[in-house]
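Student: Residues per chain, in single letters:
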Amino acid sequence: MKFAIVVHGAPYSSQSSLSALHFARAALASGHEIYRVFFYHDGVLNGTALAAPPQDEIDIPSAWQALAREHTLDLVVCIASSLRRGLLDETEADRYEKPAANLAPGFVISGLGQLIDGALNADRTITFCA
Amino acid sequence: MKFAIVVHGAPYSSQSSLSALHFARAALASGHEIYRVFFYHDGVLNGTALAAPPQDEIDIPSAWQALAREHTLDLVVCIASSLRRGLLDETEADRYEKPAANLAPGFVISGLGQLIDGALNADRTITFCA
Amino acid sequence: MKRILFIQRHGPHGSLFGQETLDAILMGSAFASCSVLLLEDGIYQVLKGQDAGQLESRDYSVTYGALRDYGVETIYVSARHLAARGLATEDLLVETVPLDDAGVTGLLHEHDVILGA
Amino acid sequence: MKRILFIQRHGPHGSLFGQETLDAILMGSAFASCSVLLLEDGIYQVLKGQDAGQLESRDYSVTYGALRDYGVETIYVSARHLAARGLATEDLLVETVPLDDAGVTGLLHEHDVILGA
Amino acid sequence: MLHTVNKSPFAGSALDNCLAFLAGGDEIVLLEDGVVAATLDIIDRCEAPIYAIEADVKARGLSARLRSTVKLIGYDEFVNLCTMHNSIRSWS
Amino acid sequence: MLHTVNKSPFAGSALDNCLAFLAGGDEIVLLEDGVVAATLDIIDRCEAPIYAIEADVKARGLSARLRSTVKLIGYDEFVNLCTMHNSIRSWS
Numbered sequence: 001m002k003f004a005i006v007v008h009g010a011p012y013s014s015q016s017s018l019s020a021l022h023f024a025r026a027a028l029a030s031g032h033e034i035y036r037v038f039f040y041h042d043g044v045l046n047g048t049a050l051a052a053p054p055q056d057e058i059d060i061p062s063a064w065q066a067l068a069r070e071h072t073l074d075l076v077v078c079i080a081s082s083l084r085r086g087l088l089d090e091t092e093a094d095r096y097e098k099p100a101a102n103l104a105p106g107f108v109i110s111g112l113g114q115l116i117d118g119a120l121n122a123d124r125t126i127t128f129c130a
Numbered sequence: 001m002k003f004a005i006v007v008h009g010a011p012y013s014s015q016s017s018l019s020a021l022h023f024a025r026a027a028l029a030s031g032h033e034i035y036r037v038f039f040y041h042d043g044v045l046n047g048t049a050l051a052a053p054p055q056d057e058i059d060i061p062s063a064w065q066a067l068a069r070e071h072t073l074d075l076v077v078c079i080a081s082s083l084r085r086g087l088l089d090e091t092e093a094d095r096y097e098k099p100a101a102n103l104a105p106g107f108v109i110s111g112l113g114q115l116i117d118g119a120l121n122a123d124r125t126i127t128f129c130a
Numbered sequence: 001m002k003r004i005l006f007i008q009r010h011g012p013h014g015s016l017f018g019q020e021t022l023d024a025i026l027m028g029s030a031f032a033s034c035s036v037l038l039l040e041d042g043i044y045q046v047l048k049g050q051d052a053g054q055l056e057s058r059d060y061s062v063t064y065g066a067l068r069d070y071g072v073e074t075i076y077v078s079a080r081h082l083a084a085r086g087l088a089t090e091d092l093l094v095e096t097v098p099l100d101d102a103g104v105t106g107l108l109h110e111h112d113v114i115l116g117a
Numbered sequence: 001m002k003r004i005l006f007i008q009r010h011g012p013h014g015s016l017f018g019q020e021t022l023d024a025i026l027m028g029s030a031f032a033s034c035s036v037l038l039l040e041d042g043i044y045q046v047l048k049g050q051d052a053g054q055l056e057s058r059d060y061s062v063t064y065g066a067l068r069d070y071g072v073e074t075i076y077v078s079a080r081h082l083a084a085r086g087l088a089t090e091d092l093l094v095e096t097v098p099l100d101d102a103g104v105t106g107l108l109h110e111h112d113v114i115l116g117a
Numbered sequence: 001m002l003h004t005v006n007k008s009p010f011a012g013s014a015l016d017n018c019l020a021f022l023a024g025g026d027e028i029v030l031l032e033d034g035v036v037a038a039t040l041d042i043i044d045r046c047e048a049p050i051y052a053i054e055a056d057v058k059a060r061g062l063s064a065r066l067r068s069t070v071k072l073i074g075y076d077e078f079v080n081l082c083t084m085h086n087s088i089r090s091w092s
Numbered sequence: 001m002l003h004t005v006n007k008s009p010f011a012g013s014a015l016d017n018c019l020a021f022l023a024g025g026d027e028i029v030l031l032e033d034g035v036v037a038a039t040l041d042i043i044d045r046c047e048a049p050i051y052a053i054e055a056d057v058k059a060r061g062l063s064a065r066l067r068s069t070v071k072l073i074g075y076d077e078f079v080n081l082c083t084m085h086n087s088i089r090s091w092s
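Protein chains in written order, with my numbering: chain Y, 1 to 130; chain Z, 1 to 130; chain C, 1 to 117; chain F, 1 to 117; chain H, 1 to 92; chain E, 1 to 92.
Just so you know, these hints were derived from the structure itself, not from any lab. A portion of the hints provided could be inaccurate.
Here are the simulated distance ranges between beta carbons [said to hold, decoys possible]: (1) Z/31 <-> C/83: 44 to 50 Å; (2) F/109 <-> Z/70: 32 to 38 Å; (3) H/86 <-> Y/71: 56 to 62 Å; (4) C/62 <-> E/76: 44 to 50 Å; (5) F/83 <-> Z/31: 57 to 63 Å; (6) H/80 <-> C/62: 33 to 39 Å.
Just so you know, even glycine gets a beta-carbon here, dropped at the ideal spot from N, CA and C.
With the hints as constraints, model all of the structure from the sequences given.
Tutor: Below you can see the structure in the form of structure tokens.
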């Protein structure tokens, strides 16, 4: 079965991204497919390349990247949410003349169409709310 | 009178930073002093240099910077909160070997001691909760 | 074609959920059959007479009035949540269909996907 | 010297407020006279028997047990909020002083600064 | 003591706690989503003076629905209220 | 339909709404702070099957306080419940 996973919460600030990560791992371990993980609202902050959590705590952005490498996941952060919250890839950093980009490898910035596409094409859509 | 202002919410995501900004402007306009603005929890994201909000919306990080330039404000983001949330100055980016820094000019990263110092030395401490 | 229900349960301006969920509704209505359900303080999203100028914020409530033009089928509200706030459908700037609790339950089950905070 | 009251009203693990407020309490107790008030789900911060290993999260609740060593004077709880959760002070891993509503009101007024989410 | 409430009474216990722990001489400022309470009759039962931030009331279209016990204020009056009380508790 | 609840019943209306809008055949998964409800007698009144994520219950020290009507599950069983219902509503 194909899952679309929607994440609304920032890592650490809300448990939702950790729950989504555990859910995604379990779905993959059970042989299901993850059609897409869509990060919306504060959830886009899961895609930061600059988080430096304490060493005895899980590094949530890195855990998403590791899962994506292992299973070729489509990790999409919403562009409108990202721009307001200061999460930029190289293209957007150039476009808005900002001094740096901070989107982690493995994540892509895209539009809300990817949320709707996921909802329409996955067998199940589950949201992890902030 | 000297005010310490504590901000717990991320810009846009929560109205708390906008309220704090309005409060700070009104306090200064009434002839009061702002001893410090301390950004804690998600509030540290007020200090991002990378936000690119829609042109018809207020740019909250820039508004803090403008107020700080005009009144020489002490804008402090909590270091522990910042590290988990991916907000780094050049020093921290180097220390944690991260690819970029994203703290806006006008903000400084410092420890929780600055929160306590503000609470002890200001005449009034007001918190804007997320 | 799948039917999507968007639920809005946050008031305006206190957080970004209202504005960003509205963006998702607009996008959804371009690609799918969509309805909107306003619960709890989400009902305040469409209260008449909002003026956010003094807040330096955007009055995006007017966009709700255009949802029909974007193809959104119906905007539903919980009649119980409306009454608890001392409001009536006449106080809202869009035409809404009030539902009792059983009506909301039915609506949830009529849709294939439920989105919204 | 000013007296600081830290209020904790969020449960553990669902958000970072609990852990970060605890950090602020530790810092505060190094420089000032501090007390802690647990309200609402903040009481769950000090419930016995927490084990966050399966969550890949840190069991920071043990640090509450060390607050006295850091100089925190007293940890107060709302007796009403405790009872509403079916809990008693014996269920908590630190010694707490339960207060009725008037006691909480008095506590708020005894302190010069109130911090915490 | 000055109390602030920034959440809707329908969305949590901020107002409940504020009212439960109020002392004589205390005052209350409703701001952000907290101004929703200014339109409900529960607020009439409160004996403390209650203020609501005008910009927040207007932004939410609630101006015509205010209970008569609530006084609209600007941020300058909010600042002034802070100076008139020894401490401030923000309920959220 | 599968319902999830991730907030404490003391911190908002997530559980209230979930229970108010429940249909026959629906099931409920409590996760994150939502597992607090699994220790309260209000949950006994609910006729739908109720599950709680074990990792969340353990992390909060609530294992010994669960109501007998609540079944502990892992994330794998959570995934399986999702496959067995046509849609999922997350109450927050």
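Student: Now tell me, hint by hint, if it's right for this structure.
Tutor: Hint check:
no.	hint	in the structure
1	Z/31 <-> C/83: 44 to 50 Å	47 Å, holds
2	F/109 <-> Z/70: 32 to 38 Å	36 Å, holds
3	H/86 <-> Y/71: 56 to 62 Å	58 Å, holds
4	C/62 <-> E/76: 44 to 50 Å	47 Å, holds
5	F/83 <-> Z/31: 57 to 63 Å	48 Å, violated
6	H/80 <-> C/62: 33 to 39 Å	35 Å, holds
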